[in-house]
Amino acid sequence: MSKRMLLVEDNPDDVELTIRALQKNRLDNELVVCLDGEDALAFLFCEGRHAQRDPTELPEIVLLDLKLPGLTGLEVLRRIRSDHRTRSLPVVILTSSSQDRDMVESYALGANSYVQKPVNFSDFLEATRQLGLYWLELNRRPSLKSKP
Amino acid sequence: MAKAIAPMNAARPKVLLVDDVDANLVAFEAQLSKLDCELIRARSGNEALRALLKHSFAVMLLDVQMPEMDGYEVARYARENPQTRDVPIIFVTAMHQTETNALKGYGAGAVDFLFKPTNPEVLLSKVSIFLELHVSRQKLADALEAHKNTLAELEAFNYSVSHDLRAPLRPLDGFSQALLEDYGDQLDGKAKDYLNRIRAAANRMSQLIDDLLQLSRMGRAEMAARPTDLVALANTVVEELRRTDGGDRVQYRCIAEATVVADGRLLRIVLENLLRNAWKFSHKKPQPHVELGCSERDGQKVFFVRDNGAGFNPAHVNKLFQPFQRLHTDAEFEGTGIGLAIVQRIIKRHGGTTWAEGVPDEGATIYFTLP
Numbered sequence: 715m716s717k718r719m720l721l722v723e724d725n726p727d728d729v730e731l732t733i734r735a736l737q738k739n740r741l742d743n744e745l746v747v748c749l750d751g752e753d754a755l756a757f758l759f760c761e762g763r764h765a766q767r768d769p770t771e772l773p774e775i776v777l778l779d780l781k782l783p784g785l786t787g788l789e790v791l792r793r794i795r796s797d798h799r800t801r802s803l804p805v806v807i808l809t810s811s812s813q814d815r816d817m818v819e820s821y822a823l824g825a826n827s828y829v830q831k832p833v834n835f836s837d838f839l840e841a842t843r844q845l846g847l848y849w850l851e852l853n854r855r856p857s858l859k860s861k862p
Numbered sequence: 185m186a187k188a189i190a191p192m193n194a195a196r197p198k199v200l201l202v203d204d205v206d207a208n209l210v211a212f213e214a215q216l217s218k219l220d221c222e223l224i225r226a227r228s229g230n231e232a233l234r235a236l237l238k239h240s241f242a243v244m245l246l247d248v249q250m251p252e253m254d255g256y257e258v259a260r261y262a263r264e265n266p267q268t269r270d271v272p273i274i275f276v277t278a279m280h281q282t283e284t285n286a287l288k289g290y291g292a293g294a295v296d297f298l299f300k301p302t303n304p305e306v307l308l309s310k311v312s313i314f315l316e317l318h319v320s321r322q323k324l325a326d327a328l329e330a331h332k333n334t335l336a337e338l339e340a341f342n343y344s345v346s347h348d349l350r351a352p353l354r355p356l357d358g359f360s361q362a363l364l365e366d367y368g369d370q371l372d373g374k375a376k377d378y379l380n381r382i383r384a385a386a387n388r389m390s391q392l393i394d395d396l397l398q399l400s401r402m403g404r405a406e407m408a409a410r411p412t413d414l415v416a417l418a419n420t421v422v423e424e425l426r427r428t429d430g431g432d433r434v435q436y437r438c439i440a441e442a443t444v445v446a447d448g449r450l451l452r453i454v455l456e457n458l459l460r461n462a463w464k465f466s467h468k469k470p471q472p473h474v475e476l477g478c479s480e481r482d483g484q485k486v487f488f489v490r491d492n493g494a495g496f497n498p499a500h501v502n503k504l505f506q507p508f509q510r511l512h513t514d515a516e517f518e519g520t521g522i523g524l525a526i527v528q529r530i531i532k533r534h535g536g537t538t539w540a541e542g543v544p545d546e547g548a549t550i551y552f553t554l555p
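In order, the protein sequence lines correspond to chains B and Z.
Per the working numbering, the very first residue in the first sequence carries number 715; after that it's consecutive.
Per the working numbering, the very first residue in the second sequence carries number 185; after that it's consecutive.
Since the hints were derived computationally from the structure, they do not count as laboratory data.
Glycine residues also receive a C-beta, built at the ideal position from the N, C-alpha and C atoms.
Worth double-checking, as some hints may not be accurate.
Over the 12 Å line for every Cβ pair with chain B, so calculated as not near, a few chain Z residues [said to hold, decoys possible]:
1) 211
2) 249
3) 295
4) 317
5) 323
6) 337
7) 413
8) 424
9) 441
10) 532
Derived Cβ-Cβ restraints for the label pairs, each shown as a range [said to hold, decoys possible]:
11) 403(Z) <-> 857(B): 43 to 53 Å
12) 818(B) <-> 376(Z): 41 to 51 Å
13) 342(Z) <-> 852(B): 27 to 37 Å
14) 837(B) <-> 342(Z): 14 to 24 Å
15) 815(B) <-> 392(Z): 20 to 30 Å
16) 786(B) <-> 321(Z): 51 to 61 Å
17) 342(Z) <-> 784(B): 16 to 26 Å
List time: in silico DSSO-like cross-link candidates among lysine-lysine, alpha-carbon distance up to 30 Å [said to hold, decoys possible]:
18) 485(Z) <-> 503(Z)
19) 781(B) <-> 738(B)
20) 503(Z) <-> 469(Z)
21) 376(Z) <-> 738(B)
22) 198(Z) <-> 218(Z)
23) 332(Z) <-> 532(Z)
24) 323(Z) <-> 238(Z)
25) 738(B) <-> 323(Z)
26) 781(B) <-> 332(Z)
Here chain B stands alone, though its shape is the one from the complex:
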């Protein structure tokens, strides 16, 4: 079975903490990590080092950082939304920023949710628990094989 969560995050500390938080919520085996936007898009569209991946298997949820080297999170989101294969893929923005501007732009580009990464790890743990519960358990999406 394929991994159900894609984390796009360049900061190794944040990657480690996210894995730890998912471990605590028994969700760590669901996670694939891309360290920048280019790699995330290559993963989703099965290009480059991800060419062997089954393109019909998309994650249930993309956790997307905004501040990434090279392609920014917003640019990654724009590319995800402009491709028919990933147009309806749920994307949660996971960022340090609490700026209105970032929220407005994220939603305008079609983000499904916007979560500010809490500094306090206990709060972060709770945030990942809720994200996992909602997007992996509660939320329903059509099967990829069925055409719209």
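Given chain B's structure and the hints, the job is docking chain Z onto it.
This is chain Z only, laid out in the frame that chain B set:
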């Protein structure tokens, strides 16, 4: 040398002289030679309009009687173009003074007139007034531009604070907690205490960043002032405070109703900060009281929030509204010291003022006005 002079020349205000008679142009130039300005000649209406598009002028001296296109026509064309609309015009005419009604249609302030033969003194004083006006307008525009740049820099700075300063705090808290959880059995009490101090410091820093951003947002947030019931707004805050730990012990008193013209969202932040402070500083008292009141000073309504709590030393009253200035230790009362700075900034933006009175251990009163 020439290089050093060039930028000065460029900054000198320009005056456009429009007359079809060369002798008149020479006479104008002679009369205006004392002024610190650059004189540019135009011998016809068409030439004048071309010059207007090419340069920015402090004023133009415009001969009325010219062949082909007369002065009024030049003025009409100049007014139609947004780029040249605001150049002040001094018409130079041989008409009799009583006929100058025709000039009134050009709008106050931007138009003046001179009668031939022109009096050198009058010409000099009129032109110099427009030059001064131009220079001070230019200064104002420059200051506005500088202000805009500062704002943009501040915006970028805020953004960077919001993003970059917060990010390193997460591993500080997260890995300290990870050490406590995973290696707690190998750590003694002191080691655990140190880790907890690291965590507390990271969380405090995070709170400070949030407060700093909120404070700077308050200075820029868009405002929509409407009639708002201050007391009803306060009551919603009080309901929340009553639900906090020990919050229902506080006796709260308030005036019946007070409609003010203010931005409801910002006013709620004011009341939240004032009432939360009052609750915080009084709830340890045996009989805590908080009052939202209204009095009058110099015919103006003055609102206040009063408590019988910890109060403060009046010697430090001027520190009270400074951001991050605290008059109590964290052990006594938690906080970052941003609340009253936010209150002051919001009230100031509404055109009001804030001040405070306090007695140590007897209570504090924070006053504010809303025009």
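Legend entry - Numbers of unmet hints, in rising order: 16 and 25
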